[in-house]
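Enquirer: Listed below, chain by chain, are the residues.
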Amino acid sequence: MAARYDRAITVFSPDGHLFQVEYAQEAVKKGSTAVGIRGKDIVVLGVEKKSVAKLQEERTVRKICTLDDHVCMAFAGLTADARIVINRARVECQSHRLTVEDPVTVEYITRHIATLKQRYTQSNGRRPFGISALIVGFDCDGTPRLYQTDPSGTYHAWKANAIGRSAKTVREFLEKNYTDEAIATDNESIKLAIKALLEVVQSGGKNIELAVIRRNQPLKLLESKEIETLVTEIEKEKEDEAEKKKQKKST
Amino acid sequence: MATFFGEVLSVYSRAVEEDDDDLDDENEDERIHREIEEKREVHIVWCPEVAQSLEDSGSNKLQCSDLIIAVGTNAAGFLSAYVLNTESWDAVGHVSLWNERSRGSSRQSIAPLPGEPACLFYRHRDNPAVLVCQSTCYIAEDQLFQWTEKVFGCLQKRGLSVMVLSDSPVAEYKTPDYLYGSAVPFLRSLKSSASKGQALCPALEQPNILTGLPAAVLSHCQVHQIPAVLYQCYTDVISPDSITMETFKPALLCLSKLVKLEPCLSADVLRKFAIITEAQSNLYT
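Keeping their order, the protein sequence lines are chains A and B.
With full-length UniProt numbering as the guide, the letters of the first sequence map in order to residues 1 to 251.
With full-length UniProt numbering as the guide, the letters of the second sequence map in order to residues 1 to 285.
It is worth saying that the hints were derived from the structure and are not from the lab.
No false leads were slipped in.
Across the chosen pairs, the derived CB separations fall in these ranges:
1) B:Ser10 <-> A:Ala80: 22 to 30 Å
2) A:Lys54 <-> B:Ser10: 33 to 41 Å
3) A:Val52 <-> B:Ala194: 51 to 59 Å
4) B:Ser239 <-> A:Thr169: 23 to 31 Å
5) B:Pro207 <-> A:Glu199: 33 to 41 Å
6) A:Val52 <-> B:Asp142: 42 to 50 Å
7) B:Tyr12 <-> A:Pro218: 53 to 61 Å
8) A:Lys54 <-> B:Ser239: 18 to 26 Å
9) A:Pro14 <-> B:Asp142: 35 to 43 Å
10) A:Ala80 <-> B:Ala171: 18 to 26 Å
C-beta atoms are modelled at their ideal positions from N, C-alpha and C, and glycine is treated no differently.
This is chain B alone, in the form it adopts within the complex:
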């Protein structure tokens, strides 16, 4: 939709596919609502071993001491490059959902292809209580609550500690001072009140807010008194970029206590996850 001043707003179409003509209008509305709800439902698909252990545990919950969630391409790339690059991680599940921007596969059982935007779970072989979740697909506002409830519903609350990594454009960062180019990218943190430790970077200043999946997860942790800390990276590059990924390095300190990490990272590995835009982009000289 184009507005008067030339800006373009994207508005999602509310048109619904019409099925057969029904004489009773109310039933038809209900049916349409139900169909939309079913279509937008969030499903977690676990691998057989995990599904089995969920059944075996009486409460249908997984033992989990640490959950690390990465939201966004740079945060996910950072985890892929620094944490998931060793062989000791197993893919144990994925979240299947549909919305206007994330048209996931219509059959839940098909795992997403590598490189596709998706929401994947990994578990460490030596320390199965450590779960990593990489979320690169868009989750609509109405699906966030479901996502959080279903994911946390599978995990035991006691002893759980959560870390969220997310990235955001620096254009969304509101500050009274002018941000010089050298300061970007940078990290800001937010914690739930149950979280006792010291965050590794300054707290997110007002009036900045979090939105989307990181906000839903942190709200859930706050309500259920789960210690959670979130690191948000503000960056000026729109594609996955190695410098932005490196900004998350302070989080490695916490992660190295849980799992053994690769001591030094070759530049090739990082480059694999970052899209090289420099040479091809002739936009700026």
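So here's chain A without its partners, still in its complex pose:
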């Protein structure tokens, strides 16, 4: 049945599906994993680094980008679609500053991106954007925010979420491990993001890229040395846990 209703974006199937939108969500699953965590005074974005060709400049293959000084996003899916969405969002952020003389709230820019995506699910001749985005930042009043958008144009606020390949595994890990103690300090929130990614990233810390925004500070990309240090800390903690469990069992 899908075959007759999945070619044109403007056609509903008899059971109410918009197949092109659902297929666009499949395209998102082909991108590598990205995870977002909202802490108390920090927001963290972690992504699985794509393997770069030998002659390719690594810094041009980025999954995390700033939209403004206080907002940044990570995406999963079609690279070219992401570039268009990011450009439009950046223009909108500046336009908002000039018009209203205030920086955008995270919710405003997320709504703008989601509206843009929704428009492409309702015009003929155009296909939906094949990306999902995790948008993080701080509002003027200092509240940290994390939003997720998907190709259908919906957006929701999250405490922690993951998109891309193996997002389901990462989300299940976060559901078990996102607790108030886990995000008590900035360092702990960063470690939670790394732990979540390590669930699905092969070959450990060197394939992880991490970005943080702290209140009233611009985006900071962590250096690979820092990530390696944190990964070693996490592994040591895991070993200590295992040791404790073994001792408990033997006594």
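Go by the hints and put chain B onto chain A.
Expert: Just chain B now, with coordinates in the frame of chain A:
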């Protein structure tokens, strides 16, 4: 041809080259039909030793206990990497045919170049009753029957057992449940009623069907009561890919009973047969 909603259908042209003008129209039609038939005929070209042994045997048939057919780039790549990588296999023949999508060489005797889509036969040196066929070229629907008849016509039916490996896009797999990404690629099997053993993976569920060469071979085996088992791998990658090839590994169990296989496979060998698309593909990030 573009349709109203923007989908593009590929339709094959039915235009035929006009030869000299003939006064009698019916003769001309017949001639055209005959020419097309000749052009689309399927020819099997055996190497001299095999052609000789075919002549020497009274019935013009080869002794064959096991025939393994790989249809598709991933199945063929799996056989190349895991089975045909030792030195003990000889190329003994190829099938030469022409259709709109497989423009094989016009001269039958020229063997296809390595890497070209083709249909090749290999025989094991120590156990000449084991034949392997790798088919990576497209065989049109009207040529499938000919292919099957001619290939099986060269093999002795008694004691013959057939295994077919094929791959297919997972988009063609119909199931009421949602397929999570981790399940793909996966194997499904189909057997002819003469096949007694246990298949190594679940049977292909309804309403999924097989098409093309694997279906033609299995139908032939069913009609002629030859034990045959088919393993179809559903994969989400369109190019030859090492993970898809590894999915066929359970079939190695049956193959290792027939011929000695390389005990462990280096990753380099597999990579040779799989097209590395990861680094070059910047489509998805």
